[in-house]
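> Sequence:
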Amino acid sequence: ARSRPSEESLHEARKQVKYLELVLEPFQAARSSPRLARAIKVTEAIEEDLGRAHDLAVLRARIGPMIRGRQKDGEALLLRLDARRNALDDRALKVGRRFYARRPQDFARKLRPSLAM
180 ARSRPSEESL
190 HEARKQVKYL
200 ELVLEPFQAA
210 RSSPRLARAI
220 KVTEAIEEDL
230 GRAHDLAVLR
240 ARIGPMIRGR
250 QKDGEALLLR
260 LDARRNALDD
270 RALKVGRRFY
280 ARRPQDFARK
290 LRPSLAM
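Numbering (this note's numbering), first residue to last: 180 to 296.
There could be a bad hint or two in this list.
Here are the in silico distance ranges between beta carbons for each label pair [claimed, not checked]: (1) L294 <-> K251: 54 to 60 Å; (2) R291 <-> L256: 47 to 53 Å; (3) N265 <-> K289: 29 to 35 Å; (4) P184 <-> R214: 24 to 30 Å.
In silico lysine-lysine, DSS-like type, Cα no more than 27 Å apart, as pairs [as the list claims (entries may be wrong)]: (5) K289 <-> K273; (6) K289 <-> K220; (7) K220 <-> K273.
In short, the hints are calculated from the structure, not lab data.
Keep in mind the model is a prediction, meaning the values are calculated, not measured.
Where a beta carbon is used, it is the ideal one built from N, C-alpha and C, also for glycine.
I would like the entire structure built from these sequences, with the hints used as guidance.
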């Protein structure tokens, strides 16, 4: 079984995805390309899922100590937060694995025609 990535590594992954998105967006604005549009859409989806998962992790860290062991409903809430966060992380990682499966030079070669001005 694969272990879960740390919150820090997922946060770093989100930042790296955002950096790629920020590099691609000006090219898409200058020259509309379906390939670039798809790449940007995927980076936005990954970033959104990782961002929401991070927000849930922060929320859990803040309310967890107040809730833990106090009431049944509180424990149920923590379990739901964990389940939702894990689902978002899993979806982002699945999409990210497919998106980043290519070697960087293959990714660049495929996008190069879309980047030409």
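> Now, for every hint given, state plainly whether the structure supports it.
Hints versus structure:
Range check, L294 to K251: about 56 Å between beta-carbon atoms, so the 54 to 60 Å window is met. In this structure the supplied range 47 to 53 Å holds for R291 paired with L256, their Cβ-Cβ distance being about 49 Å. Separated by about 32 Å at the C-beta atoms, N265 and K289 satisfy the suggested range of 29 to 35 Å. Hint check: P184 to R214, Cβ distance near 28 Å, so the stated range 24 to 30 Å holds.
Between the alpha carbons of K289 and K273 the distance comes to roughly 21 Å, so the proposed pair stays at or under 27 Å and holds. Restraint check for K289 and K220: the C-alpha separation of about 16 Å stays at or below 27 Å, so the hint holds. The suggested pairing of K220 with K273 holds, with an alpha-carbon distance near 15 Å, which does not exceed 27 Å.
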